[in-house]
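With the sequences and hints as input, model every part of the structure.
Protein chains in written order, with the numbering used here: chain A, 1 to 414; chain B, 1 to 414.
Note that these hints are calculated values from the structure, not bench results.
Among the clues, some could well be false.
Pairs involving identical chains hold if they fit within one copy or between any two copies, as the list cannot separate such chains.
Stated by the list, open to error - Here are the simulated DSSO-like pairs of lysine-lysine, each with C-alpha atoms no more than 30 Å apart in a straight line:
#1 K205 / K188
#2 K58 / K10
#3 K280 / K414
#4 K265 / K314
#5 K10 / K167
#6 K205 / K191
#7 K414 / K270
#8 K10 / K280
#9 K106 / K333
#10 K191 / K333
#11 K58 / K205
#12 K191 / K155
#13 K414 / K42
#14 K191 / K167
2 protein chains.
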Amino acid sequence: MSDLLSKAQKVKAVATELGNKTTQQKDAALRLIAEQLRNNVKDIVEANQLDITNGKEKGFHESLIDRLIVNESRIHDMADALDQLTSLEDPIGEILESWERPNGLKINKVRVPLGVVGMIYEARPNVTVDAASLCLKTGNAVLLRGSSSALHSNKALVDVIHQALQKSDLPPDSVQLVEDTSRETASKLFKMNDYLDVLIPRGGKNLIQTVVEQSTVPVLETGAGNCHLFIDESADPEMAIPIVVNAKTQRPSVCNAIETVLVQKDWANKHLSSLTTALKDLDVELRGDERARNLDESIVPASAQDWETEFLDKILAVKVVESVEEAITHINKYGSKHSEGIVTTDDRHVVQFMNEVDAAALYHNASTRFTDGFEFGFGAEIGISTQKLHARGPMGLPALTSTKYLIYGEGQIK
Amino acid sequence: MSDLLSKAQKVKAVATELGNKTTQQKDAALRLIAEQLRNNVKDIVEANQLDITNGKEKGFHESLIDRLIVNESRIHDMADALDQLTSLEDPIGEILESWERPNGLKINKVRVPLGVVGMIYEARPNVTVDAASLCLKTGNAVLLRGSSSALHSNKALVDVIHQALQKSDLPPDSVQLVEDTSRETASKLFKMNDYLDVLIPRGGKNLIQTVVEQSTVPVLETGAGNCHLFIDESADPEMAIPIVVNAKTQRPSVCNAIETVLVQKDWANKHLSSLTTALKDLDVELRGDERARNLDESIVPASAQDWETEFLDKILAVKVVESVEEAITHINKYGSKHSEGIVTTDDRHVVQFMNEVDAAALYHNASTRFTDGFEFGFGAEIGISTQKLHARGPMGLPALTSTKYLIYGEGQIK
Numbered sequence: 001m002s003d004l005l006s007k008a009q010k011v012k013a014v015a016t017e018l019g020n021k022t023t024q025q026k027d028a029a030l031r032l033i034a035e036q037l038r039n040n041v042k043d044i045v046e047a048n049q050l051d052i053t054n055g056k057e058k059g060f061h062e063s064l065i066d067r068l069i070v071n072e073s074r075i076h077d078m079a080d081a082l083d084q085l086t087s088l089e090d091p092i093g094e095i096l097e098s099w100e101r102p103n104g105l106k107i108n109k110v111r112v113p114l115g116v117v118g119m120i121y122e123a124r125p126n127v128t129v130d131a132a133s134l135c136l137k138t139g140n141a142v143l144l145r146g147s148s149s150a151l152h153s154n155k156a157l158v159d160v161i162h163q164a165l166q167k168s169d170l171p172p173d174s175v176q177l178v179e180d181t182s183r184e185t186a187s188k189l190f191k192m193n194d195y196l197d198v199l200i201p202r203g204g205k206n207l208i209q210t211v212v213e214q215s216t217v218p219v220l221e222t223g224a225g226n227c228h229l230f231i232d233e234s235a236d237p238e239m240a241i242p243i244v245v246n247a248k249t250q251r252p253s254v255c256n257a258i259e260t261v262l263v264q265k266d267w268a269n270k271h272l273s274s275l276t277t278a279l280k281d282l283d284v285e286l287r288g289d290e291r292a293r294n295l296d297e298s299i300v301p302a303s304a305q306d307w308e309t310e311f312l313d314k315i316l317a318v319k320v321v322e323s324v325e326e327a328i329t330h331i332n333k334y335g336s337k338h339s340e341g342i343v344t345t346d347d348r349h350v351v352q353f354m355n356e357v358d359a360a361a362l363y364h365n366a367s368t369r370f371t372d373g374f375e376f377g378f379g380a381e382i383g384i385s386t387q388k389l390h391a392r393g394p395m396g397l398p399a400l401t402s403t404k405y406l407i408y409g410e411g412q413i414k
Numbered sequence: 001m002s003d004l005l006s007k008a009q010k011v012k013a014v015a016t017e018l019g020n021k022t023t024q025q026k027d028a029a030l031r032l033i034a035e036q037l038r039n040n041v042k043d044i045v046e047a048n049q050l051d052i053t054n055g056k057e058k059g060f061h062e063s064l065i066d067r068l069i070v071n072e073s074r075i076h077d078m079a080d081a082l083d084q085l086t087s088l089e090d091p092i093g094e095i096l097e098s099w100e101r102p103n104g105l106k107i108n109k110v111r112v113p114l115g116v117v118g119m120i121y122e123a124r125p126n127v128t129v130d131a132a133s134l135c136l137k138t139g140n141a142v143l144l145r146g147s148s149s150a151l152h153s154n155k156a157l158v159d160v161i162h163q164a165l166q167k168s169d170l171p172p173d174s175v176q177l178v179e180d181t182s183r184e185t186a187s188k189l190f191k192m193n194d195y196l197d198v199l200i201p202r203g204g205k206n207l208i209q210t211v212v213e214q215s216t217v218p219v220l221e222t223g224a225g226n227c228h229l230f231i232d233e234s235a236d237p238e239m240a241i242p243i244v245v246n247a248k249t250q251r252p253s254v255c256n257a258i259e260t261v262l263v264q265k266d267w268a269n270k271h272l273s274s275l276t277t278a279l280k281d282l283d284v285e286l287r288g289d290e291r292a293r294n295l296d297e298s299i300v301p302a303s304a305q306d307w308e309t310e311f312l313d314k315i316l317a318v319k320v321v322e323s324v325e326e327a328i329t330h331i332n333k334y335g336s337k338h339s340e341g342i343v344t345t346d347d348r349h350v351v352q353f354m355n356e357v358d359a360a361a362l363y364h365n366a367s368t369r370f371t372d373g374f375e376f377g378f379g380a381e382i383g384i385s386t387q388k389l390h391a392r393g394p395m396g397l398p399a400l401t402s403t404k405y406l407i408y409g410e411g412q413i414k
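See the structure below:
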């Protein structure tokens with residue numbers, strides 16, 4: 001039998017109480033969770049071993065097994081992240097605006113928790129602790145729904161969280177893990193508007209797409225990044241080439257890595273071969289349009305599909321363009337509105353690029369790899385929003401908050 | 001054949017251009033629309049007559065006919081509202097935050113338009129001009145989908161808008177009206193994630209519910225208000241009674257009117273009859289729980305359904321409660337998270353009410369009727385959000401905006 005409804009009721013029941021806890025109480029609970037994690041390494045690792053063994057039996061890809069692993073060092077990383085979270089400012093209770101109306105009404109706009117956050121994610125047990133801790137810090141109760149392949153690990157981690165919360169001033173029911181990982185239960189989760197204030201998917205494109213399509217609960221969409229760099233005519237190759245190389249190869253599997261480089265034709269005539277040499281030296285496969293291939297025969301032909309693909313691998317599409325206009329048109333057609341960059345010394349092109357490209361983060365003369373809550377200095381990251389409502393780009397703690405208007409009168413009527 | 005896709009393509013095609021127009025250009029266009037409305041009163045009224053005649057033939061309720069009417073005075077009101085809109089601050093381009101990272105990257109967070117706004121609404125032709133003008137002011141292209149019963153009026157109004165935009169610096173395609181008002185077309189509209197950045201329903205509960213359930217495009221939910229006032233033991237009847245009367249009767253058909261009054265038992269023992277007399281004098285039907293009916297026999301029994309009903313009429317549910325705690329529990333169970341009020345002189349109860357009631361606007365000693373963008377001083381209102389993401393409560397122009405991070409470097413790589 002599904003535990004979905006009972007767990008949803010539990011988090012909903014404590015959300016108001018949790019939302020009114022002080023920063024001190026919340027931070028103390030986070031420290032207790034960190035301590036409990038460090039004290040329970042053995043139990044967690046044992047539970048994780050069951051998931052690893054199952055995963056290997058099922059023939060999971062090596063990279064998937066790697067994501068599943070919770071070892072001593074990763075547990076200490078989780079605990080350290082919890083301790084660091086206590087040093088961040090608590091957004092809850094902040095008075096964002098305050099004004100008085102001519103009729104004497106005093107209006108305060110204050111930050112409040114969202115209430116109950118639903119988190120649906122794939123085989124990364126670290127998300128369990130990460131999501132729970134960010135939600136607790138912002139006074140949100142959280143209903144976690146991880147993957148069946150990480151169920152033993154997730155249960156062990158939530159057990160540890162519950163042990164810590166028992167010793168804290170926060171309601172232990174604030175964090176609940178749905179253990180029924182069936183699709184039917186997920187479908188029900190998507191419709192729990194009476195219990196969830198937001199649903200956040202963390203995982204691959206298919207998961208996010210499913211949630212966006214099926215959820216009636218408001219969704220914070222994160223993830224997919226089909227990112228580009230445009231090298232303008234005036235770009236210094238000594239700056240442009242390292243930026244492209246970094247944005248493609250420093251960690252190809254992440255959303256803020258680039259998938260296509262757009263090269264202005266005159267720059268391409270002079271410098272494309274230096275760029276492709278640098279990339280090929282790092283084993284990057286290049287797929288190009290005809291103009292790029294005319295300049296470098298080692299580039300294989302790009303298919304129409306390639307322009308819209310997030311390779312997440314050492315593959316880069318290469319297109320020679322006439323101008324910044326053509327680059328912008330290409331990006332707005334194929335990009336996923338995540339991170340886009342221009343390398344140029346032409347100020348007018350910078351302005352045009354910044355104004356006309358529709359994306360969360362736009363870079364001038366820097367790698368797109370900086371789109372990240374930590375790199376932005378937020379100290380925490382819920383994910384990178386690729387939607388335009390509520391939060392866009394790297395989301396720090398305020399993305400897990402809403403607002404309330406508090407209006408104080410002396411008998412005013414309309 | 002449906003014109004949905006072609007119209008969606010048109011607005012999408014001009015969204016970037018529109019988004020980069022200056023405040024001056026946008027305000028000039030709004031003034032041109034106002035002028036064109038005033039100069040075309042006759043055509044608009046004639047078109048509207050067709051809708052009115054059709055509506056009467058179909059036996060529409062008088063209140064629905066009233067909403068459909070576009071007469072000379074209402075057209076002048078629309079035009080005046082457009083002129084007023086030009087005096088409001090343009091949120092687009094505002095730098096919300098600006099900081100530098102230790103690696104030298106300069107990050108600006110700036111306000112940008114959402115892009116393309118989808119607006120689906122019922123038989124109120126005034127929404128056509130209202131939605132179009134608020135979107136233009138914020139640099140958003142807009143795809144309008146009104147009701148079939150207002151189609152002639154909507155077409156006439158959009159014709160006038162197009163005539164004005166032709167004379168302006170804004171792309172005339174920025175405002176498009178979908179003329180196919182079939183359900184099938186609406187269903188397609190709900191899935192136009194490639195064209196629409198947000199969908200805003202304006203209308204009754206059923207419309208909003210349908211959009212929330214079916215739309216994969218992010219929705220800005222507005223509307224339903226099951227609002228309460230709680231009269232605490234310490235409330236001065238000379239303040240409490242006028243507030244309840246105002247909140248119920250000043251305009252019963254709107255979302256910020258109250259539907260239930262919760263009365264603390266000791267206050268009820270002393271003053272309930274004064275309250276009910278005042279309400280009955282204004283022809284308000286009272287439906288109460290047993291304790292209320294024991295104090296006033298003229299109160300009819302409330303059904304379980306009544307506590308969750310937005311009457312939008314001169315009907316008020318009355319419940320006697322033990323305490324502020326019971327009031328809060330009732331409100332959080334039945335309320336629609338819109339506007340809730342407490343009348344009291346007890347400061348601790350104010351704090352408790354403000355902290356624990358989950359709603360967009362919370363009032364101490366004032367009528368709930370003030371939940372309104374104009375009453376809040378925003379100068380414009382897109383609607384009143386009852387969701388927690390993006391915008392909560394009365395939405396002014398900033399609710400129609402998103403943000404972009406602009407990052408300036410000198411070759412930084414990660």
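Hint check results:
| no. | hint | verdict |
| --- | --- | --- |
| 1 | K205 / K188 | both (20 Å within a copy, 22 Å between copies) |
| 2 | K58 / K10 | neither (34 Å within a copy, 50 Å between copies) |
| 3 | K280 / K414 | between (71 Å within a copy, 20 Å between copies) |
| 4 | K265 / K314 | within (24 Å within a copy, 71 Å between copies) |
| 5 | K10 / K167 | within (18 Å within a copy, 59 Å between copies) |
| 6 | K205 / K191 | both (20 Å within a copy, 18 Å between copies) |
| 7 | K414 / K270 | between (71 Å within a copy, 26 Å between copies) |
| 8 | K10 / K280 | neither (55 Å within a copy, 42 Å between copies) |
| 9 | K106 / K333 | between (47 Å within a copy, 27 Å between copies) |
| 10 | K191 / K333 | between (32 Å within a copy, 18 Å between copies) |
| 11 | K58 / K205 | within (22 Å within a copy, 48 Å between copies) |
| 12 | K191 / K155 | within (24 Å within a copy, 37 Å between copies) |
| 13 | K414 / K42 | neither (64 Å within a copy, 35 Å between copies) |
| 14 | K191 / K167 | neither (33 Å within a copy, 47 Å between copies) |
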